[in-house]
Amino acid sequence: MTRINSAAELEELRQGILSKKDPDKPSIAICAGLSCLGLGNGTIISAFKEEINKQSLESKIDIVTTGCHGFCEKGPIVVINPEEICYLEVKPEDVPEIISQTVIEKKVIDRLVYTDPNSGEKATHMAEIPFYKNQMRVLLGNNSKINPKCIDDYLMIGGYSALAKALFEMSPVQVLEEVKIANLRGRGGGGFPAGRKWETTRNAPNEEKYVIVNAHEGEPGAYMDRALFQANPHSVLEGLIIGAYAIGSHQGFIYTRHDTPELRKNLDIALAQAEEYGLLGENILGSGFNFKVEVHFDVGIFVSGESSALMRSIEGKAPEPKPKYIRTSVNGIWDRPSNLNNVETWANVPQIISKGSEWYNSIGTDRSKGTKLISLSGHVCNSTIVEVPMGTSLKEIVYDFGGGIPNGKRLKAIHLGGPMGGTIPESLIDNPLDFDVLAKLGASMGAGDILVMDEGTCLVELARYFIDFLSGESCGKCVPCREGIRQMQNILTNMTKGKGREGDIELMEELAEVMGAAALCSLGRSVQNPLLSMLRYFRDEFEAHVKEKRCPAHSCKEAAIEGV
Amino acid sequence: MNNDRINGIFNKYQGQAGSLIRVMMEIQEEEHWLSREILVKISEKLEVPLSRVLRIATYYKSFSVTPKGRHEIQICTGTACHIRGAQSVLDTVQDLIGIKPGETDLDQKFSLETVNCQGSCTCGPMIKIDQVTQSRLSSAQIADLLKKYD
Ligand SMILES: Cc1cc2nc3c(=O)[nH]c(=O)nc-3n(C[C@H](O)[C@H](O)[C@H](O)COP(=O)(O)O)c2cc1C
Chain A
1026 MTRINSAAEL
1036 EELRQGILSK
1046 KDPDKPSIAI
1056 CAGLSCLGLG
1066 NGTIISAFKE
1076 EINKQSLESK
1086 IDIVTTGCHG
1096 FCEKGPIVVI
1106 NPEEICYLEV
1116 KPEDVPEIIS
1126 QTVIEKKVID
1136 RLVYTDPNSG
1146 EKATHMAEIP
1156 FYKNQMRVLL
1166 GNNSKINPKC
1176 IDDYLMIGGY
1186 SALAKALFEM
1196 SPVQVLEEVK
1206 IANLRGRGGG
1216 GFPAGRKWET
1226 TRNAPNEEKY
1236 VIVNAHEGEP
1246 GAYMDRALFQ
1256 ANPHSVLEGL
1266 IIGAYAIGSH
1276 QGFIYTRHDT
1286 PELRKNLDIA
1296 LAQAEEYGLL
1306 GENILGSGFN
1316 FKVEVHFDVG
1326 IFVSGESSAL
1336 MRSIEGKAPE
1346 PKPKYIRTSV
1356 NGIWDRPSNL
1366 NNVETWANVP
1376 QIISKGSEWY
1386 NSIGTDRSKG
1396 TKLISLSGHV
1406 CNSTIVEVPM
1416 GTSLKEIVYD
1426 FGGGIPNGKR
1436 LKAIHLGGPM
1446 GGTIPESLID
1456 NPLDFDVLAK
1466 LGASMGAGDI
1476 LVMDEGTCLV
1486 ELARYFIDFL
1496 SGESCGKCVP
1506 CREGIRQMQN
1516 ILTNMTKGKG
1526 REGDIELMEE
1536 LAEVMGAAAL
1546 CSLGRSVQNP
1556 LLSMLRYFRD
1566 EFEAHVKEKR
1576 CPAHSCKEAA
1586 IEGV
Chain B
16 MNNDRINGIF
26 NKYQGQAGSL
36 IRVMMEIQEE
46 EHWLSREILV
56 KISEKLEVPL
66 SRVLRIATYY
76 KSFSVTPKGR
86 HEIQICTGTA
96 CHIRGAQSVL
106 DTVQDLIGIK
116 PGETDLDQKF
126 SLETVNCQGS
136 CTCGPMIKID
146 QVTQSRLSSA
156 QIADLLKKYD
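Chains as they are written, first to last, in the numbering used here: chain A, 1026 to 1589; chain B, 16 to 165.
Only chain B is shown next, with the shape it has when bound in the complex (with noise of 0.2 angstroms):
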């Protein structure tokens, strides 16, 4: 855990509870997941009933409560992706890492996630790896692709 940098985002929003999402999205973005012990540090820095902080957290799908792999996977499922393929590279990425979206393997290595559409029809079906965007990618490309991680 980078204290420093998680210090900083109390320090930004010590004692305002309006700032919660935010703060939790900033823990996250550093942490790509939000520990237990992290969101009562949120509870008591931000004055939030640890109970809302658990809601929160738990409502949204972009917050996870489990700890991410080294890489994560996300797979556009906006409609233009849609009817342009989504599914067939959802299954194809399933098939190869032989986890389903909102899991991480058990090497931590990849955890993948479907997600809402990404304003980037152009590039349908549209898969992004740890933020880089690949667009219109064969099942062949894929498999390629996905070896370059460890």
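With the rest of the complex left out, here is chain A (with noise of 0.2 angstroms):
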């Protein structure tokens, strides 16, 4: 690899690549995503490589492992390109089949391909599946196309060309102003507006100011940012550096888990292929413009996503949040200005540089702009990603997207934002995707984790889970938040096990309103709002287990009277 010093020279490379690029060369894309791991697709791996080892296909055959595909549910997912034929939940004996069939004779085998469930009608390329066909994939929509390995697959897409166009057409001011017109608010939870957090570290006086990047992703079941991250890590990188060439820094921080293995190698390589090519470090494409990058792990505790804790742990001290009117974008890592931005906020910015604010203002809603990973877990027959229009109704997602409940339960519930979001019934699902609109529903858009539960669920016992979480992930700095967490725990576990007591309502809300008031963070500023949703729309189902020590989703074994 030779370094680039321009941005001619950069599409040159590019050029260069595309050009040696046979397109028509077979080429199959094994997803290698969280959930296809699971599924068994080491050994479909295994089996293709050892199968065209047999035929002596090396040369003519190209296997890529890609990051996930989405539609999770029927891994593992193998795309042969460059048809783009979808094979679903392939088995390592249907291996030889799609060699032979379908990579050399280009015959579609049937019985891999998708069926619509209800009209039974086949779908062969990735385009055409509902799934796919049916969400705007701006952020995703290359996860099949390329080897997240290789920074020469993210150039042949156009990748680091926002970069280029940032750093040789615009200044910082108008990287800034761009953003801030843009409306991007970011995805980790807040949907705070990016463009003015950037500015207040950019205004901050000091001249080190630090980026980074929250790949934490601490909420269960959010799994997007570990998907986008590890399907396309240049993409998060080259947003990074836009940021860090429109705030001013020359030093940025990735805080990612340590417990996925495949997302840190493709990090590594990602970050030591950009240096080779000087899109990190020293000069960068020859403009003058120096910026390094650092990894750092969370080991394992969910208030470490929070902005200041996360800092701490940068610093490598415990990650105990500070006081909220310590803004880390002034203060952040020791002391200087530090802006952070969730993974997918950051994937966001080289698309608005390329294609202008104008077309981001296009997509969404009026306060609510762009598009939205979301992953769907629970009593949903697709746990899966999508990524959808801000704007997209929460029904269309559970239903078109997550194809309804299984095993013929009704829908009860959807639970948004994790331990610090919000449950709203049923009823209220024909709302649209929206920070402002579910904040008003007392949920909140959180990372963007659906939790899909069917009438078999009892909310006391979700609302104690979640306390139950939390007590072992609040970090036990400050008192009401340590203490209100362990009160409302044995109250919640008092009442799913049939010994709650008049009263113990009431005392939760009260218990709530201090917690809001006066803990140090927002982990116990927030942990109550799932409680709190909860009383506000299936406020019956806690006093039947409290008045009549009854279980209507007759699903709390122990509260052992009618009902069970």
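Each hint should be verified, as a subset may be incorrect.
[Stated by the list, open to error] 25 angstroms max Cα-Cα, derived DSS-like pairs, lysine-lysine:
no., chain 1, residue 1, chain 2, residue 2
1, B, K27, A, K1317
2, A, K1582, A, K1572
3, B, K56, A, K1342
4, B, K76, A, K1502
5, A, K1170, A, K1158
6, A, K1290, B, K76
7, A, K1342, B, K143
8, A, K1085, A, K1045
9, A, K1290, B, K27
10, A, K1158, A, K1079
11, A, K1190, A, K1158
12, B, K27, A, K1342
13, B, K143, A, K1290
14, B, K163, A, K1116
15, A, K1116, A, K1079
[Stated by the list, open to error] Under 7 angstroms between C-beta atoms, here's a sample of chain A residues computed to sit facing chain B:
no., residue
16, S1060
17, G1063
18, C1097
19, F1193
20, E1194
21, M1195
22, S1196
23, V1198
24, P1245
25, Y1248
26, G1311
27, G1313
28, I1326
29, R1337
30, L1557
Since the hints were made in silico from the structure, they are not lab data. Ideal placement from N, C-alpha and C gives every residue a C-beta, glycine not left out.
Dock the two chains into a complex; use the hints.
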């Protein structure tokens, strides 16, 4: 690899890569996302390698292990390019046939393609499967086309052209303005306008500034950040470098989970390759701009995804948050201005710079722009990742993409935003995916994780579960959070065991109010959100547990009175 | 203890206090636990007070200051696995190997821990043994699976 020294050289390299690529050469893209991994894609990958070896086809067929294709429920997923023939639920026994029939003879194997569960209609190509066709895959669309371990693949699809545009055609202030006009809002949970945060850090009085990728992804049921980052690490990196240029930062950090080996591998390779090409380091693309990136790991506690805790962790200290009046965008890592954004937020940046804020503003609702990655889990036919425009109705997400509720059961409620989010009942799922609409309903977008619950789910038990989770994930520094969680945990556990007492619900509401006002960080101030939303829509269920010692969902076994 | 690998880690991060968590993580990945001896060495090499090293080692549940078994069983208790029956998977495993999360059996054959969402919600309830993901197992399948380890 040789260093690229100008925008022209970058284009030259891109043309070189494209001309060397034989567009007709078959390539087999095997999903190596987290779910396909669990569904046995390892054996599929080795089966393909073995078969290709056996038939001495190594020079004629490429095998690529890609990031997540979405549609995880139907994994392992294999896409045969260039035709984009998509095979679902592939088994090792299918492999020889796929090679001889599809790759060589160009014939489609009927039993492996998608069949619509209702109409029985088949769809052979990825773009024809309704699940993919109806999404708007701005960030995920390239996942099945590129090898995350190969920067040339990213360049081939136009990668780093947004960076070149920013560095050579725009001033830092112009980049900042573009992101502000685009109304890009943070994807990590708060929905805070990214441009405004960038501006605060840019204007903070200190020469040394930092930019950070939050890839901690601690919310249970949220797995879109890992999917995106692992599948297309350069898209996030490119956004980060552009942001650093706009903000005037020369040092970046990536904060991610330690327990996702494939992501770590792809990330290390991406950083090394970007540096070799001169897209990181000194004098990037010959522009005079310098920028380095360091990777740090979370070793497994939810609170370390909170901005000030995360920054303490990067300093090598225990991840305990600081009070909120200290703003990390001004006083962050080592008390220097530090701008933190979520993985998905950063990945949107190159898109905005390339296609412009006007294009970005054309997608979404009035105040929530662009697309959003959603991870569906729970009692839903397809536990998958989808990318849809903001404003898509929750119903469409659960039924059209998620395929509805399995086992003939009825939808009871959906929960958004994990342990700091909220639950809304089935009757409200016509509402759109929109930061402000969801907040008004007492839920929150969170990271974009939607937990689907059927009629057999007890919400008292779910409230207990979230509080139980948080009792192990709070740092314990401030009393309202530490003790408040413990008291709520006791009360809710008692309720699920049929030992709830009159006044318990009111006591929890009082605790929630104190925590909301007095806890140090957003963890302590938001833990009561799930509970409050459940009390808002399902109060009678809590009352039944307390007054009648009855679990209306027939789920709490120990509530052992009627209804069990 | 694999001294070459450990020394390699120390050489890479010598004197970098900010890399404390990373160094502990890399060593734990090699050794599966952090002995007192190692913790002291980390404090010396990175020039960080031992009290802070101990604090971090006991703060995170991913770090272990006691030896681990030959096989590590991780059970996901994320939301999706929870509502799909993670508790019964956990109960089954506990019954079969006789230890609770956070413990290692006397033969040092298995260690058991619960982990937060692993992002494989499709596979729920999910169990990982020595980093290999197993999806949607019944109690009987779990019993058969565990017999394969020694
Ligand atoms: C307890 C807690 C955990 C959090 N975990 C995450 C996380 O895992 N990923 C994330 O992007 N943001 C997380 N956040 C939000 C961050 O503090 C921060 O707002 C976000 O990373 C900013 O990026 P954005 O503006 O692009 O969304 C968490 C917040 C709290 C209070």
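Q: Hold the hint about A:G1311 up to the distance rule: shortest CB distance to chain B must be less than 7 angstroms.
A: violated, 30 angstroms
**Q.** chain B contact restraint for A:C1097 - C-beta distance below 7 angstroms
**A.** holds, 4 angstroms
Q) Given the proposed pairing of A:K1170 with A:K1158, does the C-alpha separation stay at or below 25 angstroms? A) holds, 16 angstroms
Q: Take the C-alpha atoms of A:K1158 and A:K1079, compute the straight-line distance between them, and say whether it is at most 25 angstroms.
A: violated, 36 angstroms
Q: Return the status of the interface hint for A:S1060: holds when the least beta-carbon distance to chain B is below 7 angstroms, violated otherwise.
A: holds, 4 angstroms
Q.
Please check whether A:P1245 passes as an interface residue: C-beta within 7 angstroms of a C-beta belonging to chain B.
A. holds, 4 angstroms
**Q.** Interface hint status, A:S1196 versus chain B (Cβ within 7 angstroms)
**A.** With a minimum Cβ separation of about 32 angstroms from chain B (threshold 7 angstroms), the hint on A:S1196 is violated.
**Q.** Per-residue hint verdict: A:R1337, partner chain B, C-beta under 7 angstroms
**A.** violated, 10 angstroms
Q) Would the hint on A:V1198 stand, with a C-beta cut-off of 7 angstroms toward chain B? A) Given a least distance of 31 angstroms, the restraint on A:V1198 is violated.
(Q) Need the status of pair B:K27, A:K1317: alpha-carbon distance at most 25 angstroms? (A) holds, 18 angstroms
Q | Distance restraint between A:K1582 and A:K1572, which requires alpha-carbon spacing of 25 angstroms or less | A | Distance ~17 angstroms between A:K1582 and A:K1572 Cα, so the pair holds.
Q: Sort out whether A:K1342 lies within 25 angstroms of B:K27, counting only the CA atoms.
A: holds, 19 angstroms
Checked against the numbered hints given earlier, the structure breaks hints 7, 10, 11, 19, 20, 21, 22, 23, 26, 27, 29 and 30 and satisfies all the rest.
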